[in-house]
Structures are given as structure tokens and as C-alpha cells.
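Chemist: Residue numbers (the working numbering), protein chains in the order written: chain A, 1 to 116; chain B, 1 to 116; chain C, 1 to 116; chain D, 1 to 465; chain E, 1 to 465; chain F, 1 to 465.
There's no promise every hint is true.
If you anchor each label on the Cβ, the simulated ranges turn out as follows [unchecked claim]: (1) F/228 x B/66: 41 to 49 Å; (2) A/97 x F/429: 41 to 49 Å; (3) F/229 x A/97: 22 to 30 Å; (4) F/223 x B/40: 54 to 62 Å; (5) F/129 x E/101: 58 to 66 Å; (6) F/228 x D/422: 55 to 63 Å; (7) C/21 x B/104: 22 to 30 Å; (8) C/83 x F/420: 25 to 33 Å; (9) B/66 x A/104: 50 to 58 Å; (10) F/228 x B/68: 42 to 50 Å; (11) D/385 x F/118: 47 to 55 Å; (12) F/229 x E/230: 38 to 46 Å; (13) D/101 x F/374: 30 to 38 Å.
Subject to a maximum C-alpha distance of 27 Å in a straight line, what follows is the list of computed DSS-like cross-link-like pairs (lysine-lysine) [what the hints assert, rightly or not]: (14) F/294 x D/294; (15) F/344 x D/294; (16) F/415 x C/18; (17) C/12 x A/52.
It should be emphasised that the hints constitute simulated quantities derived from the structure, not laboratory data. For glycine and all other residues, C-beta sits at the position ideal for the given N, C-alpha and C.
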Amino acid sequence: MKLIKAIIRPEKLSDVLKALYQAEVRGLTVTRVQGHGGETEEVETYRGMSVKMELVEKIVIDIGVSEPFVDVTVKAVMNAARTGEVGDGKIFVLPVEAVHRIRTAERDSAAVTPVA
Amino acid sequence: MKLIKAIIRPEKLSDVLKALYQAEVRGLTVTRVQGHGGETEEVETYRGMSVKMELVEKIVIDIGVSEPFVDVTVKAVMNAARTGEVGDGKIFVLPVEAVHRIRTAERDSAAVTPVA
Amino acid sequence: MKLIKAIIRPEKLSDVLKALYQAEVRGLTVTRVQGHGGETEEVETYRGMSVKMELVEKIVIDIGVSEPFVDVTVKAVMNAARTGEVGDGKIFVLPVEAVHRIRTAERDSAAVTPVA
Amino acid sequence: MAYTTRLGRAGEGLTPLLSGAIRLALPGLLLLAAPGLASAQEAAAINGGDTAWMLISTALVLFMTAGLAFFYGGLVPSKNVLNTMMMSFIAFGFSGVLWAVIAYSIAFGGSSPYIGDASMALLNGVGLEASGTIPHILFMAYQGTFAIITAALISGAIIGRMKFGSYVAFISIWGLVVYAPVAHWVWNANGWLFGMAALDFAGGAVVHVNAGAAALAAAIVLGPRVDYHRRAMLPHNVPFVLLGAGILWFGWMGFNGGSALGATGLAALGVVNTLLAPAATLVVWSLLDVMFAKHMTAVGAATGIVVGLVAITPAAGFVSPMSAIAIGALATFPSYFILRWRAKSRLDDSLDVFAAHGVGGFTGALLTGVFATTALNPAGQDGLLYGNPRQVVIQLIAVGAVFIYSAIVTVVILKIVGAFGGLRPSADLEQKGMDVLSHGEEGYATGEGAILILDEELNGTAGKK
Amino acid sequence: MAYTTRLGRAGEGLTPLLSGAIRLALPGLLLLAAPGLASAQEAAAINGGDTAWMLISTALVLFMTAGLAFFYGGLVPSKNVLNTMMMSFIAFGFSGVLWAVIAYSIAFGGSSPYIGDASMALLNGVGLEASGTIPHILFMAYQGTFAIITAALISGAIIGRMKFGSYVAFISIWGLVVYAPVAHWVWNANGWLFGMAALDFAGGAVVHVNAGAAALAAAIVLGPRVDYHRRAMLPHNVPFVLLGAGILWFGWMGFNGGSALGATGLAALGVVNTLLAPAATLVVWSLLDVMFAKHMTAVGAATGIVVGLVAITPAAGFVSPMSAIAIGALATFPSYFILRWRAKSRLDDSLDVFAAHGVGGFTGALLTGVFATTALNPAGQDGLLYGNPRQVVIQLIAVGAVFIYSAIVTVVILKIVGAFGGLRPSADLEQKGMDVLSHGEEGYATGEGAILILDEELNGTAGKK
Amino acid sequence: MAYTTRLGRAGEGLTPLLSGAIRLALPGLLLLAAPGLASAQEAAAINGGDTAWMLISTALVLFMTAGLAFFYGGLVPSKNVLNTMMMSFIAFGFSGVLWAVIAYSIAFGGSSPYIGDASMALLNGVGLEASGTIPHILFMAYQGTFAIITAALISGAIIGRMKFGSYVAFISIWGLVVYAPVAHWVWNANGWLFGMAALDFAGGAVVHVNAGAAALAAAIVLGPRVDYHRRAMLPHNVPFVLLGAGILWFGWMGFNGGSALGATGLAALGVVNTLLAPAATLVVWSLLDVMFAKHMTAVGAATGIVVGLVAITPAAGFVSPMSAIAIGALATFPSYFILRWRAKSRLDDSLDVFAAHGVGGFTGALLTGVFATTALNPAGQDGLLYGNPRQVVIQLIAVGAVFIYSAIVTVVILKIVGAFGGLRPSADLEQKGMDVLSHGEEGYATGEGAILILDEELNGTAGKK
Ligand SMILES: Nc1ncnc2c1ncn2[C@@H]1O[C@H](COP(=O)(O)OP(=O)(O)O)[C@@H](O)[C@H]1O
Ligand SMILES: Nc1ncnc2c1ncn2[C@@H]1O[C@H](COP(=O)(O)OP(=O)(O)O)[C@@H](O)[C@H]1O
Ligand SMILES: Nc1ncnc2c1ncn2[C@@H]1O[C@H](COP(=O)(O)OP(=O)(O)O)[C@@H](O)[C@H]1O
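Using the sequences plus the hints, can you model the full thing?
Modeler: Right, dumping it as C-alpha cells:
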């Protein structure tokens, strides 16, 4: 089992979700975050006080998958989330020791296979 | 050391927190997220435009524990968070290489043992 | 590759960011979370109803780094985030199997090296 | 009583003397059309200054219901914000239309002491002719804005746990069988409480005790929310609560000041008292908060302002400004402590409509019987402090009668509505929040993961649901 | 027509008879300065009650544009909230100043049937003298608040995708070459539509059909937003939408009631109808929502209220309260279904200005020709139901002419402005959101990772940008 | 000056001539009770139109303080939103009650040129009798709403870093020893600045320069917030800032228009100027923003509107509408650039009360001395442009005196209050945010991890704290 952690642009979320459904990935968790990387920073001005915004809105998608699914999932995200501009984001693949489905107490791959 | 990542229903948070305290788990971090899985999707309508909400409000609880605590913690969450309906969520157990307590620079199990 | 997950006080964010830049860490992702630990809990009262707030605002910083960077990064965060009061937070170091840069499809250490 | 004799003694200089106890009699009298009176009426022409003030007062009281939506909406969790606000906004529609169609006639028509008639149904005979010194339709509309907000006030007791359709049916019926008759009792020249010379300048009994009693009854009939006392219900947006309090205070100037039915010294008295009484309540409430909650709370400040406004409502045109300060200060205590007790009780009057409006209106009505003076308003009565202890008893009878009638009939209406459509949604739906489930909307949508769908799909999904 | 003869028959008792069709003629007439009229004017002294009502009405209509900013601002995603609200607020500045400088004179000056002149430019000759029964400058300011909100209304069609500088240029020009002439046609005694006795009490044609036509044209010229129909645009703050609706309803009392230009029975009629018509629309809209959206929606309630307000605007001073309820109810249908169709169409009139204001104003204007009666307003006209079918045709001509002129000239202005500054930002900037890019601000900044910078740095960074 | 002679020449037709410089003298005169005057007073009956306008004006100015709470509350981080808003709301209570108890008498009682007396303490002798053409209590209440907002204005300078109890003590004392005497100087017939014929129609000096000076002094005494210039303070809710600006503009119509104390041509002039001046400021401010901030900012628009409103306040009843546009435009520059400088300075006047109100009021007062004309207001004075350069000097003396007195006494009060309760909370508490710590609430609670507790527990926990 692996946990795939993809950091993407908010405006790309719908495309990535679509791509993941096509890749048969049915379960995932989305978190709104802010990122810092190579992007040029926005400058905002409030009543003569100027601030540089070092953090940019991003979205993290966490996907728990069994080994066979890792590559397809990564590819799906990679293609759907790419714009070619700095700021597209990263994908981290983390090892997982166990997964439990709370509803059924099923474990591991059983816990992440589609319900239907 | 392990990092337990539990995805649960928001309305179950208080029950889970209670269960964790009883299981002597004192430290944890909570994140508001949105999930997609097997749940049927809500439909909302705004001025004649209908949208399907593919993401449902969920809560992630991150708990760093030393090996002996893993099972009790997982069990505690599992029982407290279950409703039996699709959407109860998942628990991921991730390996951890090191934990540091910022305040004291203590490491690993020392870093997560209750303060009191 | 490692993923460093630092839980800190919100008011310490700017200091930690500064410290990280000095440590040449260019990429990171920030998440607003709520934590529970050893801190004394605030009591709030709304129309005669008193509630104990068991969760405190915290910030999680996720930083993907290649091995050589782990220690400097941990140290940088540790020093910048410390106040000495209960509630300073934790740093988790997680193993990472792969990192991909979405824009370029570069992998692993190449994926996290500064753009510039 | 006072009024007729007064008219007997020539209808002259009526406006400056108009009082809560008599003013609303005029349209009723119009219908009686006792020739002597009728002519006295024709004599009274429409006055520009009075009309200007009543035009804006009508707008102000209308605005109050929007303010109430924010006062209530800010106090609930975000999952219920739209449901809560809609409970106020929908009253604009149903209560507003029904008022013109029939309720106004039930309230101000007829000559029975207990209920009006259908003589002015569909605004029959309600035109531009003078009622007092303003056009009759304007009087009708001004009264309509009272009917709207009174219905909306009740919702605070049952927010987050009532089927919306049943709620709409409930307030629609309630406006006809509770609000209108009670208004008739107190404000129509033939009303039995009016006949007793009960003083209710702007609706302490008709609006606040009435809504408070209905709220108490509704909270009991519906029972507490599923997670009551298991999970804290926190205000999701306290600035909205303060916005609501601000709009309410602003609008209340038209509520109390406009009840003079003209731009008179009496209106000035009403406005001044409506400024000072809540100010005094705010001071005392804040100090009590420091003692009992260890802080001056913002929710407490907003609540205190509303309690002060409620308390001065029946008194506004009968007492002196310094008495208003006294009333505002004294009225703080019962509401403050009953509200604290309620929070720990089994009674889920979720937004404390009973403690704020029922108790506040009750206290205000009694204190009106204590501080009222004919020196300021000859058409009113003297109170206890001015040598007329009997007035306190009269006030007690008035609020007591309104309270009992409102509570009982509210229970009956809810039972009947419940028998048809049911009152509460299923427990799990209630926990998920009413906005998505009974309005199909979120208060604060982010749009993440929202997929546009075509109608055919929609029906498909909806079926699945 | 009616009016002049009336004046011929002595200028007495003018106010109570003032009607939408004639009222705005006064300043125009002042300038004609036909001796007979002039003296009639001097005769008419300033009236305190009328002035009081027009003072507050001016403030109320001013407040409406702030309400509109919330009505619109709540309906857009948070990334565009400031841009959307600024499109209303900036109109206060540019449209407001231009009104005093020249637009008022274009609208109410001169004797041509098609356009005013520069005789009152820079408020030349606009002073404290009476215009009807109120000071002339007050009349000017009251009309100015209409010009401001009409310009702001258009923005709903193009929010989130127009360069702000071009928008400011557009509404500034639009106010001079579209709004002012159209107001002249309808409200100046010499205007050609006025001469036809077209009825438009408070601006159904001048304000709403006019803005609706401009909105439709602007939506087409700019084209849909980049992700239209690919990504759902959800309201980020529905309570703001309700706040906007509440403020608009409140302010509309001055918009319709103030159009009587005095604290008269006519003003009362306007206020009462402005209370009842939207109430009826709200009821019908909610029921349609239950049928078609399966729920009574909060956004729907707010929209219904606005549609009802728009529909009663041209009729407010000409129809009875029960007719107002009928108009409010009937006007629901075309707007409701056109709005539903629009959501699925290629037309990105983002906030449905056309469906709400264009269609609502059109329906209201026609129904005015159906329900109008001289029994309530002798200076008005009888409508179809009162034996004058011709009035419907007149109404149709009036709204048709306004619609066509406004749409065509709007296209021309946008083409010209576009030729200079361009109309749309680049697609990727549009997707990121207009607030940061065209205002350098966020609506709800958290301050995380915000670093203060000194000016030199700023210029550096800005260069990089 | 002008006025007394005028009364000498028969008290008739007073209202239309009432001016900022003389109007507030009336109650004062009442007390002098010089028989001639007294009778002149009795003669002046209460006027319905005037009373209607003053009733609503009182409500409008009351509403402004709620608007201010949003204008300020939106500009601060969410951790301080309630503390900031409460600093305005609490003024309703303490400043409001104290006004009736004694401050009104200090401001408008007595015959000394420097301070009033206790003759009207507890509203002794303040009843329904006419003051000018409105009831005396209404005049008292109207003035009270000014006292409330002036106190609340100061809070913008020290938000997020002052102990709430000390703040309450401060504004309570300040209202008695600073606001009331200054009002006496300028608006009481015996006031020394009044005697100099200094022009201050609606409070440029009494309200804005006064609050601006106190704000500057308070910001210096308290010192900057702990992380000033280390961490950016961003507005957490800019729509709230725009809401506040909208409510303020709306209410300001009563603030400036109501200062005519009647529904007169003078009131119309006040309202028209209050519409046009801020419009002009908004235009110029936006253009400066484009030049210096590269964008038209929403916070800038809101700020510009307020600055324009402040600048026209002293002039509203003395200058022509075109002069108002000039004043609005000219007043933009000093405030804009001082505000920009302030942001980079060591002065943590957090919400720029000094730049907006102090400087804006100062500029407006001087320009009043330039543009004032007796052609529009015979009871006023001619300004520089009308051949009376002396008036500029008088204006300078007036604002200078007010500024110095207010600043010095503010420092003294703060030192005394500080000696008792201390002024600032501990640094770490300040950083955590004032809402939880000094009000025990959050502005936007989510309820996650909130555990209900019984009282015994509470005391336990509180003990631990
Ligand atoms: N080392 C890292 N650890 C965690 N998150 C990162 C890291 N580097 C980048 N990110 C996330 O990826 C986002 C995009 O990275 P950035 O370097 O700006 O663009 P790109 O990935 O195209 O080079 C950042 O905003 C941040 O959220
Ligand atoms: N493979 C996965 N990876 C990450 N999160 C998941 C995954 N599958 C489900 N989740 C999370 O768990 C929640 C519940 O899952 P769901 O499949 O709907 O119900 P159940 O777990 O009862 O089958 C989802 O909303 C999502 O947040
Ligand atoms: N075992 C844990 N797992 C995950 N997060 C933790 C854990 N323990 C503490 N935290 C996080 O660290 C924060 C500070 O921890 P706390 O014990 O209060 O202070 P300290 O780390 O100084 O002892 C908590 O608010 C929580 O967010």
C-alpha cells in the first residue's frame, strides 16, 4: 500500500478529479493548503502598506492505493495537473504499513477497493 | 514510531476525541478536509444551475504514536467513528523515522509521551 | 528522500519561513490545522453556555527534502519555532519512496531542487 | 375611555395626544362609522410631516426583519445559516401577503371585543383616505410589518430542526389565528384589553410576549435538537449577530417612534426612550457579564441591546427618558438570569426567544404600569409611581392573557401541522445540517469538486438520492 | 396632457396629484419658464413634510447601491468579491460626479423631445428654489442616486472578466449617452415618451429595462468567462446575497415612494405597493422553486424579492395594493423561466441582470398598462382593465424604444472603449481571480506568509511581475 | 452675532435660516431664559416636517456607529474582530447613558464660554417643549448620537492592544471632559469659538478633529502593537469594510443633513453636499491609488469615501454643491499622503484615525473658510473666495484649539486610567488575539473540539487558567 500526496493548482482540481475517475481511482481526500516554491510573488497594497505574498493557494490530494495502482495514479495526476508554468506542484509517494476501512474494519487493499 | 492518519466524519469528531483520551492518547492534530468515496452525492441548485457535490466534508486526525500504542489507537478510532453507513472513512498507518518535540528537542517516543 | 512534517504555532510561521530560506529550503507547503496536546484549554462563554476549547490553532509545514538536507531543515525549524512554552509542537520525519515534479516530470531529488 | 371623551370634547389637536392605547383604534372607529366620529375623522386631514415619518417608519420596521435574519443567522453553526435566515425572509412573503388579504381585517376590523371581521378583507375600503392624519393604506402597511417580524421572531426557538414547509404553514396560520386576534384585543378600540386601558405602546404584549410564548410552546412541542447538551452550538459569525443588533436598533426607532402614528412630540419621546433604554441595558448586561462570564462578551452586548429594545417597547410613549433608563437597567436582570438558567436546562429554546422577548416584554409591560405618566402623554395612564397601582394589575392581566392564549393556540397549530407534514426531519439529516437538506444550498460554497450537471442527469441523481 | 391643463386650472393642490408621468417635468418646465408656469412655480413654496420625505428617500436610494454591491458580491466566488463590489462602489464616484457636472442637465434640461441641453451644466441655476414643493438641488440629487444605481446594475452581466479601467470608462460614458437621454425621453415634460403619456412611475423603463438591455448587450460583446459551463460558479456568501436583498428592499421604499416627490397619499401608495408586490413574488417564486429545484432556495428568495421590486417600479403610483400583489405574482413567471433557460444557454449574463431587471421591468411596464387606474392617481392613466387598452401599446412602445436604444448604444460604447484599453484580461489572469490582479487585494486575507516590504523592494518585485 | 440680531428682528422664519454656527445655541438660550428670547421660543411651535426629519436623522446617526464597527472590524485580523467591533458597540451603552445623565448639560447648559453646567443633569428641564421647531428631548438625543460615535472613532488608533475595561473607562471620562466641553465651545451660543463665528456645520472640529487628535495621542501613549512592522496586519474581511463605508455614508445624510435641525432648504443643501463631496473624493482617491498602488483598491475606495464625508462635515450647510465637489477633491491629497507616510512611520495609529478624521476634518474646516457663502446660508459667513479671508484664520484657531485641548487631555486621562488598571495586556496575550482573551469569544467559531462544561468544572478550569 502507498499513500500518494499530490500538490496541485486549485484551478486544476476538477481536471485532476476527472482524470482520476477515468483511472478508476474512487477514493481520495482533498485539503486546501498554501505553498511556496519558485513562483513569482504577488504584491498587495493596503492603505499604503505593501506586502509580498510568499504563499500561493494550492490543493493537496491524498490517495491511498495498492501497488499496482501507483503508476497509473501518478501518471493521471501528472498529466491532468500540468500547465508547464512554474507552480504546477509535486507528487509524493509515501509507504503505508496498514489501511483500515472504518465502516467494515476491512484491511489494506480491501479497504481501498471501490465500494460499488 | 508510527503516524496514524484517520479520516472521519465531522459529526464524529467529539466522540473520537473522547475515545482517544480514554485510550490515553494526549497529542493529536486535526485538519478539515473534503473527501470523495462511495457516498451518494448531494445535488445543489443555484438560480437554475444544478451542481453535483463530489466532495464531502471530512476530518483528518494525525496521531504520532510509539509502536505499543498503534493498535489501541486504531481500535479506539475505529469504534468511535463507525456509523455503518458508507462514508465512515479510513485509517492509514504510516512509518515514521523520527519525531522531535520542538520545545525540548526530545526525540521519538519521548517526544510524544504526555507532558503531564 | 524524506518528508518533514512540522507542527508549529501560527504566530511563529513567519520566523520559521525566514529560517528555512536561510537554510536554502525553497519549497514547502503550509496547512492550517488545530492541535491538542498539553496546553491549558481556553474557556469561552456564549449566552451562559461555557465551552472548553480542546483544540488550538496550529500550522503544519510539509517539506520534502533529500537526505543531506534533513538535519539542517529540522534544526532550522526547531530553533525558529521554539518559545519554551508548552505547545511549541512536533516535527515528524517520514520516509518517501518517490517525488515527482509535475511540471517537468523530474523525479526525486531533482524534483525538489530549487528552480532558480 | 379617555379617548372617546376626548373626541367628545372636540377632535381637535388629536395627533399630539395619540397614545399606544388609543391610536390603533382609529381605523376600527372608521368602520364603526358612528356619524359623530366619522365626521371628526373626515375633519382630520392627511398631514405631510406625519405621513413622512410613517413612510420611513414602515420602511424601518420592514428592514428589522432582515436584521433579525442576521441576528439569528450569526448565532447558529454555518451548516444552518441559510435555513435560519430563510425562516425570517420567508415571513416577508407569506405573512406579508396574508396580512393584506385578510389578517389586517381580523386585527382592525369589526366591533367585537375578541376578534375582527372580514369587512376589510382584500383591503376592501382601505384606501388613501385619512386614518388619523395619515393615509389608511399606510397605517395598514405599517401594521403589516409588525405582523411579519412577530412571526419571524418565533423561529429562533426551533432553528435547525424543523421541516421548512411545516414552518411556513405554521407561521401562516399563526398570523391569522394568534397574531391578528391578539392585536385586536390590545389595539382595536373595541378590543377587550384596550377597553381595560392596558398600555402597550408599540407591542410589548402583542409582539414580544406573544412571540415569546409561541417560541416557548414551539420549543417544547418540537423538543431539543438531536445533539442538545452533547455538542455545543457555537455562533458561526458573531459580526453578523452585531450587524443584526445594529439593524434592529436602527429599525426599532420606527417601531417605537412610528407607533405615535405621526411626527409628534410623542414620536420624539418614543425615539429618545428607544435610544436610552437599550443603552442602559447594554451597560448593566456588560457588567453582569463581567461578573458571571468573566468578560464583556459581544454576543452578550447584542443580546442586551435587544432585551432593552424589547423592554421599552410597551413603555416608549408613556414614560420619561430617565424612566426609560431605569426600565432598561431593571429589565436586564430577569432576562439575564433566565437566559443563563435556560442554557443548562432541558429547554432547547435555541436562540432564547423566550428569555429575550417573552421575559423582556413581560418585564417591560409591568414596568410600564409602574413608570407611566399622563404628564407626558395625557392619553395614557398614570402608573404605580404616579399613584395608580391598579395599572400594574391591568398590565399583568394583559400580558398574562396574551401569553396563555398564544402558548395554547401555538401548540394546537403545531399538532395539526405536524399531523399533516410532520415537524422534524430525520435525526441524521438534522445533524448534517438543514441548509443542504432543506434548501439545496450551502451558505459559503467554495466550489471545490462541484460538477455542473444537465437536467437529465439531475433527475437521475435526484432519483438515486 | 393632463398636467398642463391641470396647471392651467390653477397650480393648486399639485402635490397630491403629482404622478410619475408628470412629476419629473417640473424642473424641465422651470427652464421653459413660460411666465404662467414660472409664477405657478414660485407660488408653490417648499413644504417641510415633502422635503423630509425626499431627504430620506435620497439617502435610501443612495444606500441601495451599497446593497447591490452585497447582492452581487455574495453571488460570485471569493476570488472576485472585491472586483464585483467595486463595480458598484466606483459608480458612486464617477457616475455621481458626472451627474452634477453635466448629466442632470442632459436629462432634465432643454426643450427637445430627445435630449436635454447644457443649460444646467455645473448645476448652473440649480439652487434652493422650489421644484414642485422641494428644493431644486434635492430633486437633482435624488435623481442622481438613480443614475448611480442604474450604471452599477449593468455590472452583474460581466463580473469577473472585465478590465476595471475599461469598466469605469464604460459606465461613465454610458451615463451620459444612454441613461441621461432615456431619462429625458420618459421624465422630462418635453420628452417624446412623456408626451405619449407612457407611465413609468419610478423607472421600470428608465432604470431596469435600460440596465437590462445594456447588460444583455455587454454580456454578448464580452463573451462568456473562460471556464463558462466547464466550471460551476457558486455564490461564496449567500448571507451577503440576503443582506443585499434586504438593503435593496429597504432602499426601494425611497425609490418608489420617493418618486411621488412628496409625503403624500401617492407616496403611501408607492410604499405600500413596494411592500406587497415583492411579498407576492417571493411566495410564487418559492413555490416554483419547490417544483423545479425541489427546495425553497435562499438565493431564489433573494432573487424573487428583487424581481418583484423591479416589476412594481413602473406601476407603484398608478395601481391599487391588490393589483400590486397581482403584478408581483404574475411577474414571477417570465423572469423565473428565462433565468432557468439562461443558466443552460451560451449567454453568460453572469448574475442574470437581463432576466431580473430587463424582463422584470418589461413585465412590470406592460402590467402597469393593464392595472393602472386614475381613481387612485388622477394624473396617471387608466389601463386595460379600466377600459384603456391603448395604454398597453404605449407601454410597449416605451420599453421597446428604451431597450433597443440602450442595447445598440451600449455595443457601440464597448467597441470604442475596447479599441482603446481592451475589455478582457488574459485568460489565466481571469482564472486566478480579479481581486488580486485588478485591485491588488484579497477579500479575506489571512496574513499567512505575508511579508512587509519597503518601497524600493516593491518596485523591484513589481518589475519582476 | 447674526443670530441674536436676527431674533431681535422678530423670531419669525427662523428655521430656514438656522445654521451650524447658530442652531445649537437654542437650548442654551432656553436656559438663559432672557424673557424676550423665551417668549420667542414659546412662539416657535413644533413643526411636523422638521420633527420627522430629525427623528430619522437621529436614527441614521445612531446607525452610523454600527457601520463604524464594520468599517473598523473588517480592517483587522479575525483574531481581533470582536474586540474592535465591541469598542464601537460599548460606546452605545456608556457614552449614551452618560450623555443623558450629565454630558448633555455640560455641552449645552450654562452661560460660560468654556463649559456648561449641571442645570440639565438627569435631563432636568429637558422635555417635549420646542427647541427651535423640534421637541427639546429630540435635540438632546440627536446630539447624543454624535457623542457616541465620536468616542467610538478614537478606538481605531489602538485596536488590538488595549485592555477593554480601561478602554471603557477612558471613553466614558473622555466624553465628559473632552467631548462635552468642546461641543460647548463651538455649538453653544455662549461658547467662545461660537462667539468668534467659527463655522462648523456638523462637527468637523467637534467630532473629527477632536477624535483625530485623541486618536493620535492615544496611539502615542499606548505605543505600537508588539509585532508592528514585523508582521503585516491585513484586513480579514474587506466586504465588511465596504459595508461599513456604505452604512456610514447612508447615516451621514442624517449627520450633515440633520444638522440643519429641520426639513429645510439648508437640510437639502447638507444632503446634496454629503452626496457630492465623497463622490469627488472617491474619484480622486482612486486615481491616486492607480498612480501609487498600481490599482484602484477597495480598501482605498472605502477610505476615500470616509475622508470625503469627514471633509464636507464642517462645510455642508455653508457651501454650494460645486464647492462641495471641490472640497471633496482637494481634501483627498493631505489625507492620502499622510496615510501613506504613516504606514511606514513609527506611529501605530492602526486604522489611521488621525489621517482620515484629524487631517480630513482639519482640511474641511479650513476649506469651509474658503468656500463658505452667505448667499446660500445668510446665517453663516462668507469665506475667502467671497471676500472674507479673516474666516480662514478663525477656522484655523477653532480647529487648532480643539486639537490641542483634545490631545493634551486625552494623554492625561490615559495616564490616570493606566495608573489604575493598566492600558496594555501582556505581549503574548496580545499576539494570541484580543477576542478570546478579553471577550472569551471567537468571531467565527467552528465548534470543532468544543466541549460543553458544567459550572463547577468551569470554575476549576478557570482557576487553572
Ligand atoms: N520541497 C517541497 N516540499 C513540499 N512542497 C513543495 C516542495 N516544493 C514545492 N512544493 C509545493 O509545490 C508547489 C509548486 O512548486 P514550485 O517549485 O513553485 O513549482 P514547480 O513544482 O513547477 O517547480 C509549491 O507551491 C509548494 O506547495
Ligand atoms: N483511497 C483513499 N485514499 C484517501 N482517502 C480515501 C480513500 N478512500 C476513501 N477515502 C476517504 O474516506 C472517506 C470515506 O470513504 P468512502 O469510500 O466514502 O466510505 P467507506 O470508507 O465507508 O467505504 C472519503 O470521503 C475520503 O475522504
Ligand atoms: N502525538 C502527536 N501526534 C500528532 N500531533 C501532535 C502530537 N502531540 C502533539 N501534537 C501537536 O503538537 C502541538 C503541541 O503539542 P503539545 O504537547 O501541546 O506541546 P509540546 O509539544 O510543547 O509538548 C499540539 O497542539 C498538536 O497539534
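Chemist: Hint by hint, which ones does this structure get wrong, listed from lowest number up?
Modeler: 3, 5, 9, 11, 13, 14, 15, 16
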